[in-house]
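Asks: One letter stands for each residue in the lines below.
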Amino acid sequence: MKKLRTFFKGTYLGLMLCFLYAPILVLIVYSFNSSRTMGHWTGFSLSWYAALFHDSMVMEALTVTLTIAVLSAAVATVIGTAAAIGIHSMRRGPRVAVENISQLPIVNPDLVTGISLMMLFAFMNIKGGYVRMLIAHITFNIPYVIFSVMPKLKQSSNALYEAALDLGCTPLTALWRVVLPDIMPGIVSGFILAFTLSLDDFVVSYFTTQGVQNLSIYIYSIARKGINPKINALSTLMFVAVLTLLMVVNLKSIKEEHKAAAQAKKAEARS
Amino acid sequence: MKRTVFAYPYVVWMLIFIFAPMLLIVYYAFTADGAVTLENLRGALDPMYLEVLLRSVWMALRATVACLLLGYPVAYLLSRMKKSAASILSVLFVVPMWMNFLLRTYAWQVLLNANGILNGVLAALGLPQQSFLYTEGAVMLGMVYNFLPFMVLPIHTVLSKMDRSHIEAASDLGANPVQAFFRVTLPLSMPGVISGITMVFIPSITTFAISRLLGGGKFVMYGDLIENQFLLMQDWGSGSALSFILLVLVLISMAVMRRAEGEAGQEGGMLW
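Chains B and G, in that order, give the protein sequences.
So for the first sequence, our numbering puts the first residue at 1; every next one is plus one.
So for the second sequence, our numbering puts the first residue at 1; every next one is plus one.
Chain G on its own, in the form it takes in the complex (with noise of 0.2 Å):
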C-alpha cells in the first residue's frame, strides 16, 4: 500500500470545504444577478477603501516585526534550557492563548482605560496621566499580544529539535558565539521564523474584533470593512469582491515569504 493514500480523506475534505468556498467567493466577486461583471471590484477599489487597506497592511507589518523581535529570543532562550524546565516554561508561554482572545483583548481595556491601572501607576509616580485606549498603539498592542504565542511556537519548535553540533562545530572552527549565532542558527532556524511570520501577519491583517475593542472604531480595518459589508449591508457581491482583494494581497505575502524560505535554503515549494 502507498503511503500517500493516507493524504486522501484530507484532500477530498479541503475540496468540499477549502476549494468549494474559496469559488463561491470568486462567483460572487464576479457577478451581479447572474451576469458577470467588474462592477464590484471597480466599487473595492474606492479610495477610501484602498486608504483603509493600506493601513491595514502598515499595521499588521509593525505587529509582526514586533512580534518577531519579541518572540525569537524567547523561542532560543527557552531552546537552550534544560528540557524539564523548558517544557514547563514553554507550556506557560502557551497557556494564555487557552484564554478566550476576547477576553484577553477585553482585559487590556482595562488596564488601558482612562481610569485603568496603568493611569493608575501614572499617577502614583506622579506623572501625567495618558489616553491608552483607542489609539493606534492599543490597536497594535492588542495584536501583538494576542499573536505573540504563534510566533514563539514555531521558531522553538524548529529551534528545539535543531542539532546542537552544528554551533559546536561553527565554534570549532573558530566562529564567536555571535558569528555562530547568525551564520548557523538563525539560517538553520528560517522554517520557524517563516511559520511564525505566517501566522502572525496574516490574522493581524485583518483583525476586526481587536480594532473594534481597542481602537473604539476609529481605526477601521479591512475586516471590519468587509464584516459590515456582510452581515450589516447583506451585500455579498461587495463582499465578496473586497475578501477577494484581501485574498490576492495574501497570495503576494505568501509568495514573497516562499522566496525567502527558497533563499534560506530550505526545499523549495513548502511553507513549513
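Bound-form chain B, shown alone (with noise of 0.2 Å):
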C-alpha cells in the first residue's frame, strides 16, 4: 500500500516534470537539425551555433539581457528586503497604507506596468533605453522580493530577536546576526526570483526601451518572421548555463545543511 502511494507520487511529480521539460527538450534537439524549420528533422549540424556566435545583434542583446537581470535583482533584494523589515515593524495604520501601493504593482498587469511606465518615462523625459528598462525591472522586480521575504519574517519568532537584545547585541546587529539568518531562504529565494523575472521579462521591456533590445525583444523580433534556429542553440546555451549553475549553488547549499547538521550534533555530544 505504501510502495503503491509513493509510486503514485513519483509518477505524479514525473509527469509534471515531462510537461514542464517536453517543450524545451524539443527546443534543444531542434538546434541541432540541419533544416531551418521545425518539425522536420534533418540531420545533425553545429552550424546554428556557428551562426549564433557571429551575430553581433544576439550578443548585444544577451549582455543587456543578463545585466539588467543581475542588476535589478540585486538592487530590488537589497530595497525589498529592507522594506519588508520596515513594513512588518510598522504600525497597523501606516502599514496597510504602504501595502496597499505595494499591492499595485504586484496586481498590476505587466501590460499596465510597461504602458504607464512608458508614459512616465515620456512625460519625466528619461532617454535612455538602458536606463528605463533598468529601472522598470527594479519596480517590477521589489514586490517579489518582498513576497518572497513577508511569509519568512511573520513566520520568524520575536524571541530570538529578543534574546539576542538581551545578550547584548544593539538592535542593529541583532536584526543583521538573527534575523536576516533566519529570514535568508526568503531572500535568497526572492533575488532568484526577481532575477528569473527579468531574465524571462518581454512585456515590460517591449513598451519601456528606446531602441535598446534585450533578448526577447530580439527574440520577438526575429520569431514574427518565422522561427530561426540560431534562437533554438542559444536557448539551449542558456539552458545548460542555468542548470549547472543551479545545481553547482544547491549542491553546496545541502553540502553546508550536512555541515551545521554534524556541528550541531557535535555540539550536543559535547553537552
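Among the hints, erroneous ones may be present.
Residues of chain G clear of chain B, computed beta-carbon distances all greater than 10 Å [unchecked claim]:
1) Gly-43
2) Tyr-49
3) Leu-53
4) Val-57
Estimated spans, in silico, between C-beta atoms of each pair [as the list claims (entries may be wrong)]:
5) B:Lys-9 / G:Gly-120: 23 to 33 Å
6) G:Val-91 / B:Ser-34: 28 to 38 Å
7) B:Ile-222 / G:Ala-175: 32 to 42 Å
8) B:Met-57 / G:Thr-31: 37 to 47 Å
Keep in mind the hints are simulated off the structure, nothing from the lab.
Virtual Cβ for every residue (Gly too), placed ideally from N, Cα, C.
Both chains are given apart, each in its own frame, so use the hints to dock them into the complex.
Replies: This is how it looks when you write it as C-alpha cells:
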C-alpha cells in the first residue's frame, strides 16, 4: 500500500516534470537540426551555434539581458528586503497604507506596468533605453522580493531577536545576525525570483525600451518572421548554463546543511 | 532607530515609479485635449470590447483553476520529501522559468503544429490528425505552462515552513489523513494558495503574446486590444481607458482575494 502510494507520488511529479520539460527538450533537439524549419528532422548539425556566435546583435542583446537581470535583481533584493523588515514593524495604520500601494505593482498586469512607465518616461523625458529598462525591471522586481521575504518574517518568532538584545546585541546587530539569517531562505528565493523575472521579461521591456534590445525583444522581432534555429541554439546554451549554475548552488547549500547538522550533533555530544 | 525607516527607500521608489504612472493612466483615460471627458471610457465600454473582456476573464479563471489543481499536489509532495531531495526537485520545477517565455511558447507551437510532434505521435498510433494550434485550448495550455511555477512556488514556501506537529496533533485527536489535510494543512496553506492565485490570475488575464502566438490572432484578448491602441493606433486616451477598466477589474479581484484570506483566518490587509 505504502509502496503504491510512493509510486503514484513519483509518477505525478514525473508527469509534471515531463509537461514542463518536453517543450524545452524539443527546442534543444531542434537546435541541432540542419534544416531551417522546425518539425522536420533532416540531420545533425552545429551550424546554428556557429551562426549564433557570429551574430553581434544576439551577443549585444545577451549582454543587455544578463546585466539588467543581475543589476535589477540585486537592487530589488536590497530595497525589497529592507522594505519587508520596515513594513513588518509598522503600526497597523501606515502599514495598511504602504501595503495598498505595494499591492499595485504585484497585481498590476505587466502590460499596464509597461504602458504606464512608458508614459512616465516620456513625461519625465528620461531618454536612455538601458536606464529605462533597468528602472522598469527594478520596479517590477521589488514586490516579488517582499513577497518572498514577508512570509518568512511572519513565521520567524520575535523571541530570538529579543534574546539577542538581552545578550547585549544592538538592535542593528541583532537584525543583521539573527533576523537576516532567519529570513535568508526568503531573501535568496526573492533574489532568484527577481533574476528569473527580469531574464524572462518581455512585455515591460517591450513597452519601456527605446532602441535597446534585450533577448526577448530580439527574439520577438526575429520570430515574427518565423522561428530561427539560431534562437534554439541560444536557448539551449542558456538552459545548460542555468542548469549547471543552479546545480552548483544547490549542491553547495546541501553540503553546508550536512556540515551544519554534523556540527549540531558534535555540540550536542559535547554538552 | 526605528525599523520602519527601512521601508522609506521603497516607499519613495513606489511613489515615483508606480503611483505617478498610475495617475498618468487615469489622467489620459479621463481627458481629451486637456479637457475632462468621459468619451474615452464610453468608447472602451463598446460591446465589441466588452466581449473581449469577458472572454479574457473566463480564460484566466480556467487557467488559474488548472494551475491550482496541477500545482498544489506538486507543492504538497515536495514539502513532504526529505530536504535534500526536495531542494533538488524544487529547483527542477523552477528551471523552466529561466527559459525565455517567448521561447517556451514557441516550443509549444512546434509541438502542436499540424506537422508537429503531437500529430506525429497520433499518426504513429493510427489516430486521426488534429489541429491543436490556433485553438482556445492551445492558448490555455500556453498560459498554464507559463504560469504554473508561480502557483507552485508560494504554496511550497508556506507548506515547507509549516509546523508538522499540527498534523500530528490532528491525527492524535483522531483525524484520518484526509481530514487532517482538509482541516489543518489546507487552511494553513491558504496564504500561499491566495498568493499563487494572484500570481497566476493577473498575468493570465492580460497575456498578449501567448494569445497571439498560440491563438494565431483568432482569440483577441484584452491585452492585445490595449497594445493595439497604444502602439498601433497611438491613441493614448482610448488605451488608457481600456487599461483603467482592466485595473478596476484587477482591484475587484484583489478585494475578493483579500476577503477569502480574511475568511481563511489570516491577518486582514495582507495579500501575502
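Asks: For each hint given before, does the structure comply? Return the numbers of the non-compliant ones in rising order.
Replies: Those not satisfied come down to hint 7.
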